[in-house]
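Student: Chains A and B, in that order, are what the protein sequence lines are.
In terms of this note's numbering, the first sequence has 86 at position 60, counting the first letter as 1, and numbering is strictly consecutive.
In terms of this note's numbering, the second sequence has 613 at position 609, counting the first letter as 1, and numbering is strictly consecutive.
No lab work stands behind these hints, which were simulated from the structure alone.
For every residue, glycine included, the Cβ atom is placed at its ideal position computed from N, Cα and C.
Mixed in with the good hints there might be a few duds.
Selected chain A positions facing chain B (in silico; Cβ < 8 Å) [as the list claims (entries may be wrong)]:
{"hint": "1", "residue": "61"}
{"hint": "2", "residue": "149"}
{"hint": "3", "residue": "242"}
{"hint": "4", "residue": "243"}
{"hint": "5", "residue": "371"}
{"hint": "6", "residue": "410"}
Covered stretches of chain A, going by a simulated chain B footprint (3 or more residues, C-beta under 8 Å) [stated by the list, open to error]:
{"hint": "7", "region": "74-88"}
{"hint": "8", "region": "394-401"}
Below are the chains, spelled out letter by letter.
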Amino acid sequence: VRQTRVRRYHLHLPGILYVVLTLLVGLAAVNRQNNLLFWILGVMLAGLLISGLVSGVMMQSLRVRRLVTGNGLVGEPLTVRYEVTNRSRLFPAFDIHLEELPAPGRGDWPRFMSPARAWVMHLGPRETVHGDAVFWPRRRGEIRFDRLRIWTTFPFGIIKKSITIAQPQHTLIYPPMYELRRDVLSDIAPQGLSGAKISPYTGAGDDYYGMREFRPGDQLRQIAWKRTACLDQLVCVERTRPTPPRLRVVVNLTTPTDRLAVADDPEHAEARRLEERAISLAASIVHVAELDGFEVGLSLPGTPAAMLLIRRGHWHRAKIMAALAAIDLDAPRAPLGPPPSTHGERAGQVVIHPHRVEPEIGREDALHLTAGQLGNLAVRAIGWDPDQAPAEAPPRGAVA
Amino acid sequence: MRLLRSFPVLAHAVLLLSIVGVGVATENFALLLVCGVLAAMSWYVTEGPRGKSLPTWTANVLVLAAALSALVDLAQHYHDVMAVLARFIVWLTLIKLYQQKSPRDYAQLLGLSLLLMLIGALLSTDLLFAAVVFIYAMLGLYALLLFRLYAAHERSRAARLAAIPAGYRVLPSVQPVAGTRTAVHLRSLVATVAVSGLAASTILFLLFPRDVGGGFLGGFRQPYTARTGFTTEVDLIGGTRITESQRAVLHMTLTGGRSPVEPLLLRGAVLDRYLGHGRWSASASSPDQRVETEPPELRWLGGAEHRRTITQSFTVIVQHPVLFSVYVPVAVSTDEPRHLNFDGLTQTIEDVDPGRLDAYRIRADLAPDDETLRALAGSGGPADGAAIVDQFRDFDGRVADRAREVLASRGLPDRAPDDEAQIWAWRATAAAALAGYLRATQTNGFTYSTDLSGVEFRSDGSQDPIVQFLFTTRIGHCEYFASALAALCNCVGIPARLVTGYAAREYDPRLGAYVIREAHAHAWVEVQISPWRWRAFDPTPPSELGALDGGPGRSLADRWRWLFDRFEASWADGFVAFDANRQAQLMERLDMGWAQKLGGAWQATRQWLAAVNRAFYFGPAGYIWMGIVGLALVIAAIALGMRMKRAARLRAAMHLERLRGGAYHRMLRQLGFYLDMLEVLQQSGRAKPAWQPPLHFAQALSARHDPGASLVRRLTERFYAARYGGRRLTRDELTDAQALVNELRAALR
């Protein structure tokens with residue numbers, strides 16, 4: 027992708043002090059007609075000149091690319107890596123800082139996470155290194171990286187030189203997740219952890235399913251030798267495919283935030299917090315279920331998000347987490363419609379409500395949980411607990 | 005990282021150097037010793053195996069104490085604010101050195117060290133201090149660049165660790181990201197910056213306008229300047245120290261006649277204009293006689309050969325346009341033909357030709373008669389002594405009173421006799437009495453010293469330095485004594501002028517010659533004792549002058565001192581004394597040098613072209629043909645250069661290093677299109693990474709649905725066929741490939 031580069035020189039405080047000091051030395055030299063002072067003045071002016079030249083040459087030959095990162099998770103550090111290349115044949119580069127600039131109009135960017143910088147100490151001629159910036163996401167959602175700024179004050183710290191490069195990219199921050207109690211899944215899944223053993227498809231399970239003729243590629247151990255001897259042709263045993271336990275997670279978002287009847291909450295902050303915790307609980311259940319071998323599906327009634335089928339695997343889990351991360355709680359909620367087709371599927375169902383249980387959502391045998399129960403179900407947060415950190419303020423000691 | 009860990013040591017070294025520098029600049033040995041030792045110890049105390057730092061409260065109390073001490077110091081030395089400030093900053097630096105140091109503290113310490121060196125520069129221009137400044141600049145540059153990395157690393161590490169939320173146990177990496185050979189690259193950068201900085205600062209130093217705005221802020225006082233050797237002007241305030249440089253300037257042998265009495269006063273310049281405020285210069289009104297020498301013959305300046313003459317043969321070691329001689333030169337010869345200016349009234353000779361004058365001979369008449377002097381003066385009359393006396397008509401009356409007192413004390417009339425015949429005799433006697441007054445240092449309280457850096461001469465013009473010397477300071481070197489004698493004489497109507505030159509008093513029997521060194525530079529007085537004759541009087545105490553002698557009685561330290569003195573002399577002459585005149589001369593010389601070189605080159609080229617034209621019988625149109633051929637050669641050279649550059653790029657990009665002979669040249673001819681393609685892609689921001697094979701690169705572009713992907717793919721296939729498939733691309737295929745490159749350029753534009 028062609029990089030749009032905007033180059034700027036900034037005179038910051040140390041630079042202003044340096045210029046003032048140079049002027050004072052100049053005045054002293056002229057006043058005293060002292061040749062040593064004239065030479066020092068020459069050195070200081072040469073320093074100014076060389077500072078601009080060295081950093082200009084250094085920055086001109088730098089190329090930076092933000093590498094595609096995985097999605098983040100509230101409570102875990104999000105490491106953004108940058109590939110920095112020095113294309114100069116002769117000059118090394120030193121003291122390169124890289125920082126993200128939020129897109130214009132996306133003023134809420136800092137709410138997601140504190141700013142962080144990557145720092146590259148040295149880059150030889152024709153070398154490429156990877157620098158990284160560690161962000162600490164505070165809330166779920168979609169983060170749009172827009173522009174990337176590289177800057178340096180090397181060699182003398184007099185002038186700050188920066189190049190801003192437009193590299194739009196986005197990533198998702200998954201909701202915070204918790205390790206849940208071990209018995210949560212057994213309460214949720216009606217078939218228990220072993221799941222349904224028989225399925226209409228052949229597979230690599232342990233139970234007998236049927237017999238068929240030998241096909242090239244079949245393994246020798248699949249051959250039913252007795253039957254083969256009887257029929258005088260090679261016959262193989264077919265086995266059943268094991269079916270893991272299945273679970274559908276439903277997050278009830280049909281009620282708008284302002285209609286959640288939370289007491290003493292005129293600003294609806296508590297209601298919003300309950301909704302976030304409901305999403306968090308759903309993510310935690312999905313996470314735990316995945317770990318225990320469940321196939322998981324997700325429904326988000328009240329939102330325009332499409333229902334996700336019950337599947338398993340890394341990519342499916344990522345899709346569920348992305349759907350949870352992308353929920354826009356400020357968007358208008360859809361009213362409750364007719365019972366969806368998922369009512370008939372053979373799977374356990376857990377319905378998570380932000381505030382109060384609404385039994386009409388979900389099947390009759392569904393397990394209903396509320397966001398408030400997260401405290402009882404959770405053992406500990408995965409990573410650091412965002413509830414223990416201030417909601418909007420940056421984490422302790424973050425770089426301003 | 006080892007490189008970053010070395011910074012604190014380096015920072016301590018820089019700070020120690022700045023303390024040494026300010027100690028040298030203020031010539032405060034106690035400060036240098038005590039604070040230097042404390043600064044050196046601070047490293048072991050704070051960073052050593054049992055490193056301990058000062059608690060903050062203790063440091064604050066010490067700073068307060070230092071501030072109070074500085075106030076008391078200021079009250080006692082209110083006239084020397086800079087030195088007081090320097091001492092205060094030194095103590096501040098020491099206190100901070102004994103504290104725990106963050107990058108911010110190191111930044112403050114480096115700033116304090118810079119301030120110390122600047123204050124030092126305000127106080128001194130000594131060679132020793134300049135050497136410290138130079139070392140400080142080099143070491144400080146490295147320390148500064150290292151500090152930038154050290155501070156950035158510390159800040160980055162601290163920010164990264166501080167951002168970790170409470171309760172999170174896995175720490176992210178805090179190691180600095182760096183390429184290979186960081187230390188080597190940093191040192192190379194420091195060397196490059198140092199060299200270019202030195203060059204740039206030297207150019208700026210030479211170009212800064214001088215003699216503009218001096219003292220506009222008030223309190224203008226020359227720093228402690230050092231001067232050495234012979235000068236054609238005297239400025240009693242400008243040079244506050246005469247360095248005793250033992251650098252040899254001339255060797256002189258004497259032949260013929262009787263040996264004159266030592267010390268031999270070699271006259272260089274006669275200063276008969278007193279400009280006031282202690283400044284003497286030569287009169288510009290003297291008519292000069294142009295003399296052209298024809299070696300090895302002596303060129304007579306006027307008059308006839310006399311039996312009382314001696315011949316002085318000089319070997320020049322340090323070049324100077326002035327030719328020296330004892331009173332009075334009558335003939336001159338040089339080692340090669342040269343043009344000289346001879347001033348018949350002052351009997352001084354100046355070399356006006358550029359280039360080295362390595363040796364010259366001067367025949368001098370030790371006791372010239374009026375006829376000889378009249379012949380030397382040429383058409384001009386005798387020197388106008390009354391004009392010199394007139395310059396002192398409004399001089400401070402105390403000087404005339406003092407002269408009369410001295411004359412009266414010696415029983416001499418304090419005014420010129422009315423009888424014209426007695427006037428001349430009275431002048432000689434009175435001048436001798438006044439010189440004797442000044443030379444009697446035991447009784448009159450005058451002190452001879454070459455170091456006047458501790459003496460305050462008022463430079464505001466309210467009092468003449470000669471008057472200050474006679475009545476207040478009573479300390480000075482030969483220029484002060486000579487100026488005082490000239491003033492005393494002129495104030496009572498005796499025409500007296502200043503003469504500068506050398507006092508030759510060191511005879512080396514191994515060389516069989518007098519060795520004249522820079523320390524032998526001297527000033528004395530000549531008094532008019534007849535219309536044509538001037539007699540030399542030296543008011544400088546002879547015992548003091550002998551003490552400066554660089555003869556065999558020198559101590560061991562003196563024997564090595566010449567080394568330092570030589571540098572100091574060069575420093576004082578080339579750097580400290582660099583002023584507007586020297587700047588103008590330098591510019592003129594540079595300008596002339598370039599003009600001469602360019603002119604010479606142009607002349608040589610023209611001659612060569614003419615010779616070629618004649619050799620080949622081209623006739624008048626030959627120059628046109630030669631011009632065409634020259635132009636074609638230039639174009640061919642440019643084309644060859646471009647071709648070689650392209651071949652080098654092809655060799656690097658296509659990895660052709662291992663190919664030899666025909667295969668190599670075939671690849672150079674056939675793979676040019678691929679290099680063009682890479683350049684087009686690079687210009688459009690799609691540079692191929694060096695590690696990526698061409699096919700993978702083409703596939704990557706296709707995967708990104710790049711608009712040029714299909715063209716790149718086709719060109720890549722053709723490249724593979726030629727480079728690895730062993731196919732020779734036909735001319736049509738190469739033309740087609742080039743067309744594809746052009747199409748790609750248009751598509752990506």
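Student: Determine for every hint whether it applies to the structure shown.
Tutor: Comparing the hints with the structure gives:
no.	hint	result
1	61	holds (6 Å)
2	149	holds (5 Å)
3	242	violated (34 Å)
4	243	violated (31 Å)
5	371	violated (38 Å)
6	410	holds (4 Å)
7	74-88	holds (count 3)
8	394-401	violated (count 0)
Going down the numbered hints, you'll see the structure goes against 3, 4, 5, 8, while the others check out.
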